[in-house]
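**Student:** Given next are the chains, with one letter for each unit.
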Amino acid sequence: MAFGVIDQLGLVNDNRYMVVFIPANARALPFRVISRHNRGGEVLPYGSIPITNGESWASYDGGTTTAPAANVIPNRAYIPTSSPKKFAALSDMSSVYDSTDMWYTSAEEFRTRLFHVYMDVIPKFIRCGIQIPSGQDQLRFQGNRVILGVGKTSGWTRGGLETVHFPELHYGYAFGNDTNLDVYNSVVFTYGEYVIGIPTDASLIFDLLSGDKPAHWVEMPIASYDSSIRSAFERNYGMEGFPLYAKEDRQDAMSEYTGIIGKLKPEVRVERGKGATVK
Amino acid sequence: MTQVQSPKTEMFTVYGKTDGVNPTGTYDLYAPLIYGTDAYLHIPKGMKFKIHAIRVCGGTTAANDTQVLTMYTHNVTTVPPVWAVAASIYFDGLRVSEDKRKPIIFTGYTGVEAVSFDWLQTVAEVSHLEVDVEYTPV
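Chains A and B supply the protein sequences, listed in that same order.
Our numbering applies: residue 1 is where the first sequence begins, and numbers increase by one.
Our numbering applies: residue 280 is where the second sequence begins, and numbers increase by one.
Honestly, the hints are just simulated from the structure, not real lab data.
Among these hints, one or two may not hold up.
In silico lysine-lysine, DSS-like type, Cα no more than 27 angstroms apart, as pairs [stated by the list, open to error]: (1) A/Lys124 / A/Lys85; (2) B/Lys327 / A/Lys124; (3) B/Lys329 / A/Lys152; (4) A/Lys152 / B/Lys327; (5) B/Lys329 / A/Lys124; (6) B/Lys379 / A/Lys85; (7) B/Lys324 / A/Lys85; (8) A/Lys124 / B/Lys379; (9) A/Lys213 / A/Lys152; (10) A/Lys152 / B/Lys287; (11) A/Lys124 / B/Lys381; (12) A/Lys86 / B/Lys287; (13) B/Lys287 / A/Lys124.
This is chain A alone, in the form it adopts within the complex (with noise of 0.2 angstroms):
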C-alpha cells in the first residue's frame, strides 16, 4: 500500500505536509510533520460533553432550559456565545499544560508541536461548532454581516468537527440539540501530536501552496482575523502565514516568502540539506 499524506484515521503521515489555511487573511501556514508523537494512541475517549446538572443553556424555542442531569444535553438547546465549553484534562491526564483545557499548550513549550483532532460526537445529530478564540464564534455570512454558530440557522456541522489546535489559543466549543430528546452523549477524539517544522525553502512552500506537492489541507473556520489570533501565531512562529499566489506570479511569490522565512523563529525552522531532529 502506498504511503500517502494521511492515513485511514485521517491523520498526516509522519515526514508528510500539513497545510493550515486562514481564510481571514488568506494565508496559509505549510508544516511538515516530522513524526507523530502518539502513533498508535490516537484514539482518545473523552467521555461525555462536561455539563453539570442545572446547567443553564440557550433555548431554540426562546429564552434558556438547564440541562436534566449532569452530562445530558437538554433538548431544543444550545451553548450560548459566551459559555463556551473547553475540555478540561482527565483525572489520568492531570498533568498537561492547562488542566482546564487539555489542548491548550504556551508557545515556548510548544511552537513545535500541533495537534490534529478530529471530534466525533454520540449522537451524531448533535450541532458543534467551535470558537477561536473562546467565546468567539467564528463563521459568517455575508461578509460580517450576520454571525452564524450552533444557535442560528447554520454555522455548525453535525456530529463532529476536524480543527488545528496551535498554542497560546484558547478554543471553545459549542454544541447545539434541536431535536425534543435529552440525550446522553459521548466524545471520542481522534487526534495526531505532531511534532513539526515550517520549511525554509521558498521554492518548495510556493509547491506546497500551489497543490502541485502533496499535502493535507484544513481549512479552519476563522472568518473574523481576531487580534489574539494574529498575536499566537507571532508568538509561535514568528509570522502570519504565507500568502497565496497564482501560479504564474511564481517569482514575485518566492520574492515575498524568502522575507517571511527570515523572520521564522529558529526553533520551528526546518533547513534544507539537514535531517529533522525532534525539538
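Since the structure of chain A is already known, use the hints to place chain B on it.
**Tutor:** Leaving out everything else, chain B in the frame of chain A:
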C-alpha cells in the same frame, strides 16, 4: 473511509410499553440514548427520520392483540397537533410481529415535524414496542 468521512447518522432503538389499563394511547418512548421518556420524536430541519423496523410483542392470548399506528404531524408546536396515520402494524397476541421493509422516511422540512406511536387494543394488556430509527442529514 477515514473516520472524518464516516456518515453522520444516528441509528438507535426506541422502546415503549402499553399501560395495561387503557386500550388506546400514545407510547412514552425511551431508549438508552434518551434521558427520561418522550411522547414523540421531533425531526430537526434539514434532517430525515427513518423507521427501519417496528416490532410488537407481549400479551398472552389472541384476545390481547395490539395495533400500533405510526403517527406523523407537520407541526408539533400547534395546540393540539394534528396527527395523521402513516403506517400500521398488527400484533395478534401470540407471535412477535415485525414490520421490516424499506424504511419509512419522514423529512424535517421546517423543523416542527414529529413522529409518535399510538396503540389500539381489543382488551387493555401490557405489550411491548421496539422501533429501529435513524436520524440522518437530508
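**Student:** A separate judgement is required for each hint: does it hold in the structure or not?
**Tutor:** Cross-check of the supplied hints:
1. A/Lys124 / A/Lys85: Distance of about 18 angstroms is within 27 angstroms: holds.
2. B/Lys327 / A/Lys124: holds (13 angstroms)
3. B/Lys329 / A/Lys152: Holds - the C-alpha atoms of A/Lys152 and B/Lys329 are around 25 angstroms apart, at most 27 angstroms.
4. A/Lys152 / B/Lys327: holds (19 angstroms)
5. B/Lys329 / A/Lys124: Holds, because 14 angstroms separates the two Cα atoms, which is no more than 27 angstroms.
6. B/Lys379 / A/Lys85: Measuring from Cα to Cα gives roughly 41 angstroms; hence the hint is violated.
7. B/Lys324 / A/Lys85: Status holds; Cα separation ~25 angstroms.
8. A/Lys124 / B/Lys379: holds (24 angstroms)
9. A/Lys213 / A/Lys152: violated (38 angstroms)
10. A/Lys152 / B/Lys287: holds (19 angstroms)
11. A/Lys124 / B/Lys381: holds (22 angstroms)
12. A/Lys86 / B/Lys287: Holds, because 23 angstroms separates the two Cα atoms, which is no more than 27 angstroms.
13. B/Lys287 / A/Lys124: holds (5 angstroms)
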